[in-house]
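Colleague: What follows is the residue order along each chain.
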Amino acid sequence: MSYQAHFKVWRGDKDGGGLVDFEVAVNEGEVVLDIIHRLQATAAPDLAVRWNCKAGKCGSCSAEVNGRPRLMCMTRMSVFDPAETITVTPMRSFPVVRDLVTDVSYNYAKAREVPSFVPPKELGPGQYRMKQEDVGRVQEFRKCIECFLCQNTCHVVRDHEENKTAFAGPRFLMRVAELDMHPLDAADEAGIDRRRGAREDHGLGYCNITKCCTEVCPEHIKITDNALIPLKERVVDRSYDPLVWLGSKIRRRRT
Amino acid sequence: MATGTDPDLSAAADRPAARGVHHASRAAIPARHLRRDRWWLTPAATAAGLLAFVAYSTWRAFAGADYYAAPYVSPFYSPCLAENCVPMKGGADWELVGSWWQLSPALLVLIFPLGFRLTCYYYRKAYYRGFWASPPACAVPEPHATYSGETRFPLILQNVHRYFFYFAVLVAGVLTYDAILGFRDANGAWGHMGLGTLVLLANIALIWAYTLSCHSCRHIVGGRLRNFSKHPVRYRMWGWVSALNARHMQLAWASLVSVAVADLYVYLVASGAFDDPRFF
Numbered sequence: 142m143s144y145q146a147h148f149k150v151w152r153g154d155k156d157g158g159g160l161v162d163f164e165v166a167v168n169e170g171e172v173v174l175d176i177i178h179r180l181q182a183t184a185a186p187d188l189a190v191r192w193n194c195k196a197g198k199c200g201s202c203s204a205e206v207n208g209r210p211r212l213m214c215m216t217r218m219s220v221f222d223p224a225e226t227i228t229v230t231p232m233r234s235f236p237v238v239r240d241l242v243t244d245v246s247y248n249y250a251k252a253r254e255v256p257s258f259v260p261p262k263e264l265g266p267g268q269y270r271m272k273q274e275d276v277g278r279v280q281e282f283r284k285c286i287e288c289f290l291c292q293n294t295c296h297v298v299r300d301h302e303e304n305k306t307a308f309a310g311p312r313f314l315m316r317v318a319e320l321d322m323h324p325l326d327a328a329d330e331a332g333i334d335r336r337r338g339a340r341e342d343h344g345l346g347y348c349n350i351t352k353c354c355t356e357v358c359p360e361h362i363k364i365t366d367n368a369l370i371p372l373k374e375r376v377v378d379r380s381y382d383p384l385v386w387l388g389s390k391i392r393r394r395r396t
Numbered sequence: 711m712a713t714g715t716d717p718d719l720s721a722a723a724d725r726p727a728a729r730g731v732h733h734a735s736r737a738a739i740p741a742r743h744l745r746r747d748r749w750w751l752t753p754a755a756t757a758a759g760l761l762a763f764v765a766y767s768t769w770r771a772f773a774g775a776d777y778y779a780a781p782y783v784s785p786f787y788s789p790c791l792a793e794n795c796v797p798m799k800g801g802a803d804w805e806l807v808g809s810w811w812q813l814s815p816a817l818l819v820l821i822f823p824l825g826f827r828l829t830c831y832y833y834r835k836a837y838y839r840g841f842w843a844s845p846p847a848c849a850v851p852e853p854h855a856t857y858s859g860e861t862r863f864p865l866i867l868q869n870v871h872r873y874f875f876y877f878a879v880l881v882a883g884v885l886t887y888d889a890i891l892g893f894r895d896a897n898g899a900w901g902h903m904g905l906g907t908l909v910l911l912a913n914i915a916l917i918w919a920y921t922l923s924c925h926s927c928r929h930i931v932g933g934r935l936r937n938f939s940k941h942p943v944r945y946r947m948w949g950w951v952s953a954l955n956a957r958h959m960q961l962a963w964a965s966l967v968s969v970a971v972a973d974l975y976v977y978l979v980a981s982g983a984f985d986d987p988r989f990f
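Chains A and B, in that order, are what the protein sequence lines are.
Here the working numbering runs 141 ahead of the position in the first sequence, where the first position is 1.
Here the working numbering runs 710 ahead of the position in the second sequence, where the first position is 1.
Among the hints, erroneous ones may be present.
Stated by the list, open to error - Every beta carbon over 12 angstroms from chain B, so not counted as near; a handful from chain A, in silico:
id: 1; residue: ASP175
id: 2; residue: LYS195
id: 3; residue: LYS198
id: 4; residue: GLY208
id: 5; residue: THR243
id: 6; residue: ASN248
id: 7; residue: SER257
id: 8; residue: ASP366
id: 9; residue: VAL376
Unchecked claim - Derived lysine-lysine pairs resembling DSBU-like cross-links, with alpha carbons at most 30 angstroms apart:
id: 10; chain 1: A; residue 1: LYS305; chain 2: A; residue 2: LYS155
id: 11; chain 1: A; residue 1: LYS262; chain 2: B; residue 2: LYS940
id: 12; chain 1: A; residue 1: LYS272; chain 2: B; residue 2: LYS835
id: 13; chain 1: A; residue 1: LYS363; chain 2: A; residue 2: LYS284
id: 14; chain 1: A; residue 1: LYS363; chain 2: B; residue 2: LYS835
id: 15; chain 1: A; residue 1: LYS305; chain 2: B; residue 2: LYS835
Because the hints were derived from the structure by calculation, they are not lab data.
Glycine included, C-beta positions come from ideal geometry on N, C-alpha and C.
All chains should be modelled from the sequences, with the hints used to inform the complete structure.
Modeller: In structure tokens, the structure reads:
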């Protein structure tokens, strides 16, 4: 079944812009990105949109559909009423470049601030052996497609631009958690304290675990429950729990 | 633009310095948010539910009466640590505090489950969203001009959650003892059961499920380990707690309701408004 849908698409750049109305054909089985492409093919050939795989795996077509952070390629038109006006805007936490394209370089800057995996000295390339139960927990985090919807929806930076300096955002705190849980990461031996870093360098304390990152994740990663809260508990071990601190001093054992 | 779909840029030149989604670098959209669903319903219902419990529990905690109807004791008043507790035959009536405490004995013990729930990772989300609107819902701006999260006093104290967990385990142990005492009759003879026994059993089952599904419990049991393969028993336990943890929100609400219902049941029986149906 085909019908004419009413779309409002934000058009503009850093100097300003606004929502522009379009009447556009919608066919059965289409997603929002299909409609944006149809607009490019018909009414607005210079409409800027970032996209790539159209399969929910590249993380390029992040935007906000009816005010909700979504991948346009994973938002089916069938979830909307045909009479409904559908509003598509760029992500509202990042500087706009043009139309639906935003400058997500904040995320790359934050990614560079996370110390990378530290290989164990006693093992060479090809010698890593890990048991499934030791890596199963962090494999969930590797599903991340870096669409940055979690970064976009996190109110810590969405509502407070000034926090971007101190706060790495859920995606990169999840990266810290992933490395801290990694069975072979030798950061401690290299003098890198990931738990202290999570608190002092990446702003874990700003997270108030209201779970919007989890709600919008298109890969359904339980970011809050499986990464951020466990990382907060690890930070408590390091910084706020005198009993654990005492135990670590007495036993000097790595868990 | 060649297509004639150019937006009106006249307002852009005089955009005021603004914060959040209205920051000058971001897409110029006057609306604070564009959500059209009923995003306000969940935080409103959460706030209403929590307020209802706070009102009820405040009344009952300060009442200091009608909390024991042999063999049942209200979960709000157990263990009873003051001397002004009513005598509870074989119950957790321990008088540790002495006679100087003249207020309701519930206040001495409720501080621990209250602290446990107040610092709970689920309840934090619930009241940050429901009461503090930080944020009220995803992609809906919060009203506050500044935000420091849990980096400063007093919210940095949320990090003591695990210590409240330890106390919550002790309290749950006492409530388990109370539920077992429910298999007596009013004279203390064993081998009996009434509707109140079932109420207390259901309550303690939910209290344990909520307590053990706690994120701090999950961390203590095994989450803090780096190599699960070296600790197979803790890994197994971590798996069980993780399964419960996935239902932490539901268990938080279920146990909150059950503890209020258990108290209300004891209140109705103790005040004479209702006779406990005895099965045997």
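Colleague: Indicate, hint by hint, whether the structure satisfies it.
Modeller: Status of the hints after comparison with the structure:
Distance check on A/ASP175: its Cβ is at least 19 angstroms (rounded) from any Cβ of chain B, clearing the 12 angstroms threshold; non-interface status holds. The Cβ of A/LYS195 sits about 23 angstroms from the closest Cβ of chain B, beyond the 12 angstroms cut-off, so the non-interface label holds. The claim that A/LYS198 lies off the interface holds: its Cβ sits roughly 23 angstroms from the closest Cβ of chain B, which is beyond the 12 angstroms cut-off. In this structure A/GLY208 is not separated from chain B by more than 12 angstroms, as the shortest Cβ-Cβ distance comes to only about 3 angstroms.
The non-interface label for A/THR243 is inconsistent with chain B: the shortest C-beta to C-beta separation is roughly 8 angstroms, within 12 angstroms. Even its closest Cβ contact with chain B, about 15 angstroms, leaves A/ASN248 beyond 12 angstroms, as expected for a residue assigned away from the interface. Listed as outside the interface, A/SER257 is consistent with that label: its C-beta sits roughly 18 angstroms from the nearest C-beta of chain B, beyond the 12 angstroms cut-off. Look at A/ASP366: its CB is around 7 angstroms from the nearest CB on chain B, not clear of 12 angstroms, so calling it non-interface is violated.
For A/VAL376, the non-interface assignment is contradicted: its Cβ lies about 8 angstroms from the closest Cβ of chain B, within the 12 angstroms cut-off. With a C-alpha separation of about 19 angstroms, the suggested pair A/LYS305 and A/LYS155 falls inside the 30 angstroms cut-off, and the hint holds. Note on A/LYS262 and B/LYS940: the hinted pairing holds, with a Cα-Cα distance of about 21 angstroms set against a maximum of 30 angstroms. For the proposed pair A/LYS272 and B/LYS835, the alpha carbon gap of about 35 angstroms is over 30 angstroms, so the pair is violated.
About 11 angstroms separates the Cα atoms of A/LYS363 and A/LYS284, which keeps this hinted pair within 30 angstroms; it holds. For the proposed pair A/LYS363 and B/LYS835, the alpha carbon gap of about 15 angstroms is at most 30 angstroms, so the pair holds. Of the supplied pair hints, the one linking A/LYS305 and B/LYS835 holds, its CA atoms being roughly 22 angstroms apart against a limit of 30 angstroms.
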